[in-house]
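Number of protein chains: 2
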Amino acid sequence: MGQVDQTTNRQSGAQLRSKAREVEGHVITFPADEPLELDCGTPLGPFSLAYQTYGELNKDASNAILICHALTGDQHVANIHPVTDKPGWWEIMVGPGKPIDTDRFFVICANHVGGCMGSTGPMSENPETGKPYGLDFPVITISDMVRAEARLLDHLGVDQLFSVVGGSMGGMQVLEWAASYKERVFSAIPIATGARHSSQNIAFHEVGRQAVMADPEWCGGRYIDEGKMPRKGLAVARMAAHITYLSDDALHRKFGRNLQDREKISFGFDADFQVESYLRHQGYTFVDRFDPNSYLYMTRAMDYFDLAADHDGELSKAFEGTPTRFCCVSFTSDWLFPTEETRTVVQALNAVAANVSFVEIETDKGHDAFLLDEPELADAVSGFLSAAARKRGLKLNAELEDAELGS
Amino acid sequence: MGQVDQTTNRQSGAQLRSKAREVEGHVITFPADEPLELDCGTPLGPFSLAYQTYGELNKDASNAILICHALTGDQHVANIHPVTDKPGWWEIMVGPGKPIDTDRFFVICANHVGGCMGSTGPMSENPETGKPYGLDFPVITISDMVRAEARLLDHLGVDQLFSVVGGSMGGMQVLEWAASYKERVFSAIPIATGARHSSQNIAFHEVGRQAVMADPEWCGGRYIDEGKMPRKGLAVARMAAHITYLSDDALHRKFGRNLQDREKISFGFDADFQVESYLRHQGYTFVDRFDPNSYLYMTRAMDYFDLAADHDGELSKAFEGTPTRFCCVSFTSDWLFPTEETRTVVQALNAVAANVSFVEIETDKGHDAFLLDEPELADAVSGFLSAAARKRGLKLNAELEDAELGS
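So the protein sequences, as listed, match chains A and B. Read left to right, the first sequence gives residues 1 to 407 (our numbering). Read left to right, the second sequence gives residues 1 to 407 (our numbering).
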């Protein structure tokens with residue numbers, strides 16, 4: 001098919017290459033004559049997807065699970081992150097014997113198009129100029145990301161996903177997968193997400209973008225060429241966003257009005273309160289691993305997502321005739337994607353008589369609950385996958401071999 | 001007492017003088033030898049308070065109502081604002097025949113210490129250097145603001161307030177007034193407020209401050225000296241804060257995902273959505289009327305407010321023996337100061353057998369509801385004030401004269 005698969009990490013853009021250490025990983029590059037046709041009308045080519053896999057694809061290629069990462073996530077789901085040296089972002093959920101069991105399933109996760117962890121994005125070299133794309137990178141959509149992932153699955157020989165799983169922006173992709181590639185999705189687990197981005201969520205994203213673009217070191221998006229980096233702007237964006245990932249109760253439980261390393265307030269603008277210190281830390285560690293322009297593109301993709309609008313304003317039409325089994329999950333204290341958003345999806349699925357279960361998990365951890373140790377989430381995912389595997393008649397290679405021998 | 005009352009507007013600081021037009025207004029200046037003793041331990045002197053009054057003080061000085069403004073409000077409650085040319089921020093509530101009826105009450109509102117509309121703040125001249133204070137201005141507290149207002153009341157000859165009223169940060173001052181000057185407060189109406197600033201609220205304020213301080217034009221607070229202005233940083237801070245003043249439902253009702261002056265999304269970073277355009281407007285009009293350093297100081301004052309902590313950790317102790325009649329108001333969709341915060345205040349008041357009524361108003365307008373046309377709020381305030389006036393035996397001057405003639 002013309003793609004070049006590279007088993008060592010060959011991230012695009014000199015800048016990223018200097019940021020990310022050489023690690024085991026995969027990058028597939030689709031050549032310029034096989035571009036990704038984007039919703040905005042521009043073809044993107046060549047383009048690369050950096051991805052990780054865990055476990056083994058079984059012989060009938062029926063055990064693949066695609067994990068779609070969130071806004072600032074990446075493909076490093078269950079391995080040490082090459083930039084931060086921290087554990088993968090979903091090790092709690094993915095691995096041998098974990099709810100998404102890599103002894104049983106072949107797990108794939110790709111950095112999204114527009115991202116900054118090896119897939120083609122605004123930091124990559126624009127073949128027309130030889131310089132980083134910056135704002136010349138075309139605006140991408142959730143649907144573009146999914147179309148790119150479908151190309152990756154073609155390459156990997158996965159015709160139908162056993163499941164597609166993701167939270168937040170990843171959950172948007174799960175819904176888009178189920179809507180756009182009905183026959184390729186046996187089951188789907190959209191978590192803490194919605195079928196559109198709300199007005200308030202767009203507003204928060206706009207604040208983040210304005211913070212980045214207000215930083216003079218952003219240089220109209222050409223900070224790499226200029227040898228600059230809008231660190232402060234991106235840190236402010238991250239701080240604002242981070243509050244929305246938590247909940248009032250969780251912040252109160254974790255920090256309350258506790259002071260940071262002091263007995264009394266300082267009557268100044270230092271980080272007197274623990275919550276201030278925590279937020280500053282969140283902001284400034286983020287800028288070490290994320291590209292500011294990529295942040296603009298990823299937030300924009302979420303803002304533009306509106307699955308109903310893409311189907312004559314009727315969300316149920318997106319799922320008409322779906323053969324997919326759904327497990328929709330929300331969290332009581334998530335105010336970024338409140339349960340109401342998930343309920344809207346469930347109602348649309350019910351309207352087309354889809355096979356759907358709906359789990360609302362009681363927690364004070366807010367939106368970020370999907371990334372945290374939340375036993376009910378683990379149980380819901382593992383229970384749903386087991387039931388789906390039985391329904392699918394999923395077999396491990398050893399079982400398939402036994403069956404072959406017996407035939 | 002040494003104060004100099006000036007009936008024309010004499011705002012401190014060359015910068016503000018050039019911003020604000022000459023208008024009718026009052027400024028009282030307390031001389032250096034009568035400083036304001038601040039909680040941080042620094043005496044502030046000389047210091048000025050710019051204030052407005054409406055209506056007429058009756059002969060026994062029993063009809064005064066003090067209105068405490070919110071974070072970015074000012075003394076221009078019910079007159080055209082000298083900088084923005086817009087109506088006063090509470091004209092819906094204050095004026096002849098309005099719920100706070102200026103035919104009946106003598107209404108006072110002062111710009112808080114630390115503010116930027118004529119009262120002494122970080123933009124004022126530091127007498128030690130002859131330059132604007134900037135970050136050399138001492139950090140002030142809600143309690144400092146109230147102490148300054150008490151000095152103003154002394155000057156005006158108001159021994160006891162008939163009522164003190166305010167929303168949000170103004171409501172914090174109302175509570176502080178009732179706690180610190182029990183005998184001077186006949187009735188109190190704290191609206192959409194709390195007895196402390198929550199962890200999440202501190203977090204949002206910290207984002208705003210970081211946005212201001214990240215702007216290189218902030219110049220460590222010395223932007224006036226440097227001929228700069230951190231407009232972008234302050235605009236971002238305002239945008240983030242503004243979201244917290246509204247509600248998800250209100251944003252959805254007002255804007256939804258409607259596009260701004262276009263049929264289709266632009267696949268770019270323009271303000272495609274109305275909510276983006278609205279937020280940008282809110283951000284950039286704010287910087288024309290507000291001083292960035294003052295924003296830092298005002299937010300810090302709110303963060304530091306914790307009335308229970310000031311009373312051995314027991315909120316009810318703040319109100320022990322209170323003779324004040326309270327009307328506490330909250331709004332169902334206010335997520336900055338949820339009803340729970342008001343309920344905590346009401347419970348503390350109940351614990352000391354205070355005279356308290358509690359009104360939770362059903363609205364989707366969020367925190368800002370206290371500034372908007374909310375008939376239930378108008379009814380609650382006007383009903384409470386009428387009942388309190390009867391209880392107080394409040395008389396207009398004409399009635400007092402009749403009584404004198406009759407005696």
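One or more hints might be untrue.
[Claimed, not checked] Simulated crosslink set (DSS-like; lysine-lysine; CA at most 27 angstroms straight-line):
#1 B/Lys-182 - B/Lys-395
#2 A/Lys-228 - A/Lys-131
#3 B/Lys-317 - A/Lys-264
#4 B/Lys-317 - B/Lys-182
#5 A/Lys-98 - A/Lys-391
#6 A/Lys-317 - A/Lys-59
#7 B/Lys-395 - A/Lys-228
#8 A/Lys-59 - A/Lys-86
#9 A/Lys-317 - B/Lys-228
Calculated directly from the structure, the hints in this document are not laboratory data.
Next on the checklist: Are any of the numbered hints broken by this structure? If so, which, sorted upward?
Outcome noted: 6, 7, 8 and 9
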